[in-house]
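Given the structure of chain A, go ahead and fit chain B onto it with the hints provided.
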Amino acid sequence: MAAAVEDGQFLKQATGRNTRGLLRVIILCLIAGAAVSSRLFSVIRFESIIHEFDPWFNFRATKYLVQNGFYSFWDWFDDRTWHPLGRVTGGTLYPGLMVTSGAIYHLLRALAMPVDIRNICVLLAPAFSGLTAFATYLLTSEMVPSPSAGLLAAAFMGITPGYISRSVAGSYDNEAIAIFLLVFTFFLWIKAVKNGSMFWGALAALFYGYMVSAWGGYVFITNLLPLHAFVLICMGRYSPRLYVSYTSWYALGTLASMQIPFVGFLPIRSSEHMSALGVFGLLQLVAFVDWVRAQLPGKQFQMLLRALVLAVFVIGVGGLVLLTVSGVIAPWTGRFYSLWDTGYAKIHIPIIASVSEHQPTAWPAFFFDLSMMIWLFPAGVYMCFRTLTDEQVFIVIYAVLASYFAGVMVRLMLTLTPIVCVASAMAFSQILDTYLDAKTPKPATENASADTASVAAAAVLPDGLRSTRNPIVGIYSYASKVTVVGASAVYLLLFVLHCTWVTSNAYSSPSVVLASKLPDGSQHIIDDYREAYYWLRQNTPQNAKIMSWWDYGYQIGGMADRPTLVDNNTWNNTHIATVGKAMSSREEVSYPIMRQHEVDYVLVVFGGLLGYSGDDINKFLWMVRIAEGIWPDEVKERNFFTPRGEYRVDEEATPTMKASLMYKMSYYNYNALFPAGQAQDRVRGARLPAQGPELSTIEEAFTSENWIIRIYKVKDLDNFGRDHQSAVSFDKGHKKKRSTKRKGPRVLRVE
Amino acid sequence: MRSFTLASCIAALSSLACAELNLSEPLLSKQVLPSTFTPPQVFKNTNLVRTTNLDKAYPRETINVIIENIDSKPQSEYYLPFDASLLSKVGGFEVRDKKAADKGTFKVQVVGFDAESSTEFYRIHLPEALAPGAQQTISISYAVLSALQPVPAQLGQTEKQYVQYTFSAYAPSAYLTEKQRTKVKFPNTDVPDYTTLPAELNDEKKADPQKQGSTFTYGLYNNVSAGAQQPVSVRYEFTKPITHATLLERDLEVSHWGGNLASEERYWLVNQGAGLKNQFSRVEWQRQLYMNPPTFALKGLNLPLAPGAVDPYFTDDIGNVSTSKFRAGSKEALLELKPRYPLFGTWKYSFRVGWNADLSLYLRKLSTADTYVLKVPFLEGPRAGEGISYARVSLRVILPEGAENVRFSTTVPIVDNSTSLHKTFMDTLGRTTLTLTAINLSDEFRDRDLFVTYDYPWMAGYRKPLVIAMGIFAVFAVTWVLGSIDTSIGKKKTV
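Residue numbers (the UniProt record's numbering), protein chains in the order written: chain A, 1 to 751; chain B, 1 to 495.
The following block holds chain B by itself, in its conformation from the complex:
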């Protein structure tokens, strides 16, 4: 990271600190509990089905569980434990009511023990407390980032890539689980290695796992105690790039005068796939291009933009990258990016893209007073079949100079937000800027919206023209005064 940020242009310099931040330091506002804490055993999991989906470059876990209150009082706080090392990789943690998925997500919160503790918890707040003896089906979903390990770690240029994923056959739980299964969905049937568990563990005394096409099922397991783990690992073919953005900075600049919404995104990408065993061979690469077989190198990125996007650009630290195409369409505008070189495993690439759009598509003025509502996607970013993960997303919404009373709402889990001033072209005060930070996102969050509400008084829009006009007048006045001063030292010549 250091290598390219150091000498990158000045704008990028500000991001240096963020880019250096390690993943193991999530900025979640933690409520630290003493290490003796164990969640009160007020629930039990009656039935649990966990699905591990390995289609994409990051494993996605979905846990559907029927929980039952076994306490005598109504309970509303359900805990889910994670290893401290795993927690820093978990992203997009969301919980819904299985029966009413459209009602939105539950409020979740990370709680931690002190620094020495190895286990940390997500605390899930059920919207309605569960009565004693009552049951509810909840669906917990999250993604684990940077969890796939290429094995072997170095490959020939045209070989197939195999990745390994290690997890626990028992779903993470802080409560007794009566019945549970873990389904592993692979992208294909090429699974050369996987852990076989002894049949005794299995309730049905069958071979564990059970194979059905590209789906493996571990379980059924009966009465798994709280916090129990059963590590298994699977290794499967995944000849696709594992695209990971260590940092994405996204700027949205609102201009009321220009009627323009300018977007700029700066990416620091790395391919987490296998490195090259030998060095890169251009001959082989060119030969391969004709056949176009699957490869673990990242060749290009498709960036779908909202319709109406214009003037796209694609540059990196040393200038314009000419290998991009822009296809404007009525449904969506597609920006096809091709990095300067194919990205094999461990290779990095940083770049920036930007475009403009008509502000009226995104901004609405409320009928009451000078209040505006801005509705923009939280994350746009490339779309790829194998998925892209973001370690850290920093979104800046730059509002016009003089905007005040900024509020926002989004369904994307935010870890930090702040409002500051950003001083740029001809500003006297600086523009109000809302900065939102999210960590461990994946491209599944592409379509989530961000709503920003702000007040923008009528007078604020005329500040800049007035200041500039006054400045120019001042220059003229000073010139006139200076010009009329007589500085000659000799006697004036009489004509």
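Chain A with its partners taken away, still in its complex shape:
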């Protein structure tokens, strides 16, 4: 990329505007190509498959949209999830992603290109990453005059792992299109502010509306743009341009956002959106004052007006607080609180804390995801302070806010990435612009300009200083140019290397399919998830209800096509806690719960045989915690720890642990694979008890090849009306316990 930029620089002097424009287009196309192709690792290594968890829901919803049309998608009530509650899916999702792929699907059909909807979904994120690179170019070009900064930013954005992590092929999630919309909306906003144009403001509102339809992260824009406007006002930079752009964005954007059923009246009722409304009001006041001031000069009057503004502002804020307290305006949601207090979620909403992407970011993650940009980024932000135009104020605010959020939640690294790319591209292009300039100022002009200065300097400074003796030393010498440019090129190369390596190794696993290496180096695919899901799909009744932990809900819905109790749309905490309780209780407690929810099959993920650490026993404590949140008397986390506070699964596991349904389902019949007493759990490195757990109310129905997925069938009620435990012990030939009163059917004795 550096070479391309060099060319751009080189040609700047030589050829006309058109050639440079064409070159820029070609470079951008190449960048987009690089962005797309670096995201295809997983397609090449595995196949065109939807990754992870949430994308499976989006994929399923898209298929529904494509098959049933937009209106029935809008009204979609899904009775195959959250059994028996169901989910008003059409009204509780962000439809932007599905509608985008649906539109592409129908467009291609109209062009006589019947591309499978799955392939569109898989490749949507890479395609949009190309557009993101382009949007980043536009945004950066608005910030600095040098076009090379824009191209660099586009290249950075195209391949930075921080963005690739959410947009590899197959990662069909809202973020896939949302980041493009985020960056593009910001570009339009900057354009609007710079020109004071209603047109650009309206465009910004339009794309803001698209963004709202695509991702819950739109709140970031909703708060960042008002903040920008507010800061500008506070800096005394109020101008009619700001007024026009902000009001047109706010009015149209809010209307647009309210068209999404899931958002509805939130923009005027929830706290997250109040800052935008407040700044909108403030702008009206400021504009009014500004107008009055223009009409009526006079210092005291202005003082009065200022007081008025302050009073109105205070009253406005007070009113907001009052409305919030009285409940007209919804208070901040839990997810939002956890942005300010990282410990909040852990205490109050375990379900949020249980998701790994909601954890605070570890330090190395910044270097991992952003590589050299993390240290270039402050330099870029610093450079913004030097000129500090309106749009550069935006960079500063964005940088500060996003840095904070990225530190709080791993997931929000995504919002930080664009600004890091922009800022570091600005810094980097500054370096390159300075050092790549082949021109050396002519000594003559240097002398002429420095004439008086050098005379003055000579008068003051002694002759012995090297800097005064030879003024042409410094950045103009080839040595320094080569050093700096060479170092920059090395950094850029290392950056590309790092990005490719990270993408290839960390972000390109579908997680539905696991890969391992055979001793001979060939790839071996562990496909247990799909094996089990396909078994469910083919060999169970269409309406068999599957109970599993919520992580697998979307995958079961998408791949096994069976109704589930809970899924990754964690809208009903109690229902999830019910599943948690069923998993963490004794069979006698769990069985009635499962019967009440008409559960036919129970699915658990067990990694003990293979050493697959993301299994249910490792997630078990979260199930316990979430269940405890609802039934503190019946499920107690303490009971799952040994007296010494250890979480164990071996001989010394607590009785509660051993009796829990999850433990039993995970280790049922596992001993049989090993010689007596040598059963080994390879994830937790524990030797299991010699006597394996016994099951009475459920029976093993299917276990995948590597034991990763185990499916159990919930038994029907016993034909003789016995409880399952005695039925099982009867079948085994044990004597019936005396205390049971119920008698079996009388048998005629024939002798």
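Note that these hints are calculated values from the structure, not bench results.
Be aware that a few hints might be false.
[Stated by the list, open to error] Computed from the model, here is a short list of chain B residues facing chain A with C-beta under 10 angstroms:
1. 282
2. 285
3. 316
4. 339
5. 340
6. 349
7. 350
8. 423
9. 471
10. 473
[Said to hold, decoys possible] Per label pair, the in silico range of CB-to-CB distance:
11. A:72 / B:188: 56 to 64 angstroms
12. B:287 / A:655: 41 to 49 angstroms
13. B:283 / A:723: 22 to 30 angstroms
14. A:598 / B:474: 55 to 63 angstroms
15. A:367 / B:329: 46 to 54 angstroms
16. B:458 / A:110: 23 to 31 angstroms
17. A:317 / B:471: 15 to 23 angstroms
18. A:386 / B:471: 50 to 58 angstroms
19. B:283 / A:687: 15 to 23 angstroms
20. B:474 / A:198: 30 to 38 angstroms
Here a beta-carbon is modelled for each residue, glycine too, at the ideal position from N, C-alpha and C.
Relative to chain A, chain B alone:
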């Protein structure tokens, strides 16, 4: 069937209707006769030997019979009766002249009474009318699909499977049969149950049946009247999967530009063997894998492809199945498929496989005009010792856009054929598509060829590039026109 077709990908959706079709509704073009119809008694069977072969997962019947015209006029229509319920399971019905087997098969036709009648007939057209008093030896062969009943119907995972077959000891006949025997060939000697007929019935007054190794013989019976039946049933060991495809869709796409013949086959398989008594136990299955004893679970399928087959794929509704191997060889290319899970009785599995091949191996241009002849196997499909049966095979031959005057010929009994247009990538008209449907086939039809002749004018091949080029030019032109329109509302700034 419904469960997996409903949410399967869009391509498969079109097949939903076909997959739902019941077997009891054969699409044969029936000539309905009044219920009073009985075949004219113009023949008698002088000697009849019927062989029931139970080697495979579907019983194969072969009837060798000497027929004699007892009428005063030459006769050419010979009838063979079947129960209506049995008729829907009979497949691959073929009749040959025993003396001249290589002369090809006779023309046969299903004729039926009205809906209430329980008996229906195959009408066999003898190529040459039989003179009065003359004799001819004909060989009638057919397979009975879905006829084996696992008894017991549920088994432990490692147990032996026993299946039961019920049939009539008398061969089906619409005429008097003077002498007849029925030989039953079992795959092994483990036959725990079979019907013993009273010795009086038997002409030789011997124990009925006679046992010789794994072959049982019922008969000899003398002067069995027309339509007589003597139900017997046998139960024997068959620890093999009873693989049955409820539907096979097979697409062959001819591309003249690419010089490629793309094949894709979509299977809906079910194992008709015994179900599991207890649930599936992975421990037992893994333990068993080392010993590799015979099992009634379907573990894998071998799909022999013609040499030159390349780029095979094996996918199902949720993506690629990684457990397949492809061995390309000079004689044949073998595609070894392993379903995601072993198929025990009553378990289902649906999947698709596809591959490409060089078109020049299959297509020839006739010297006259723009006519092409395509020679492809009607059915490829897996090869297995125990056999595979297909309830319904739907073959689509997708010819290039603009192909016309499509004719075909095959020896496989076809129940339906149609020509339509299939619109796909960048087509303006749609590609000419020949759809052939056959029911109740077995894997014995693997090597039968299908010949398709069609005209493909020289110009038709250039339609697509021209259309695309024109489309792109149109886009450029529109862009240029739109770009040169001035939409600004303010006054133009003067520089």
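For each hint, the structure was consulted:
The interface hint given for residue 282 of chain B is met, as the beta carbon of that residue sits about 4 angstroms from the closest beta carbon of chain A, less than 10 angstroms. The restraint placing residue 285 of chain B at the interface with chain A holds, with a minimum CB-CB distance near 9 angstroms, inside the 10 angstroms limit. Because the beta carbon of residue 316 of chain B sits about 6 angstroms from the nearest beta carbon in chain A, less than 10 angstroms, this interface hint is met. Taken as an interface hint, residue 339 of chain B checks out: its beta carbon lies about 9 angstroms from the nearest beta carbon of chain A, inside 10 angstroms.
This hint holds: residue 340 of chain B has a C-beta 4 angstroms from the nearest C-beta of chain A, less than the 10 angstroms allowed. Hint status for residue 349 of chain B relative to chain A: holds, with the closest Cβ pair at about 6 angstroms, below 10 angstroms. For residue 350 of chain B, the interface hint holds, since its Cβ comes within 10 angstroms of a Cβ in chain A; the closest pair sits about 7 angstroms apart. With its C-beta approaching chain A no nearer than about 7 angstroms, residue 423 of chain B sits inside the 10 angstroms limit, and its interface hint holds.
Because the closest C-beta pair between residue 471 of chain B and chain A is about 9 angstroms apart, less than 10 angstroms, the hint holds. Contact between residue 473 of chain B and chain A, as hinted, is not supported at the beta carbon level, the nearest pair being about 15 angstroms apart and thus beyond 10 angstroms. A beta carbon spacing of about 57 angstroms between residue 72 of chain A and residue 188 of chain B agrees with the range 56 to 64 angstroms that was offered as a hint. As the Cβ distance of residue 287 of chain B to residue 655 of chain A is approximately 31 angstroms, the hint placing it in 41 to 49 angstroms is violated.
Distance hint for residue 283 of chain B and residue 723 of chain A: a CB-CB separation of about 27 angstroms, consistent with the stated range 22 to 30 angstroms. The supplied range of 55 to 63 angstroms is met by residue 598 of chain A and residue 474 of chain B, whose beta-carbon atoms lie about 58 angstroms from each other. At roughly 52 angstroms, the beta carbons of residue 367 of chain A and residue 329 of chain B sit within the given window of 46 to 54 angstroms. Remark: the range hint 23 to 31 angstroms for residue 458 of chain B to residue 110 of chain A is upheld by a beta-carbon distance near 30 angstroms.
For residue 317 of chain A and residue 471 of chain B, the Cβ-Cβ distance of about 59 angstroms falls outside the hinted range of 15 to 23 angstroms, so the restraint is violated. The hint said 50 to 58 angstroms for the Cβ distance between residue 386 of chain A and residue 471 of chain B, and at roughly 51 angstroms that hint holds. The hinted window of 15 to 23 angstroms between residue 283 of chain B and residue 687 of chain A holds, with their beta carbons roughly 18 angstroms apart. Distance hint check: the CB atoms of residue 474 of chain B and residue 198 of chain A are about 34 angstroms apart, consistent with the given range 30 to 38 angstroms.
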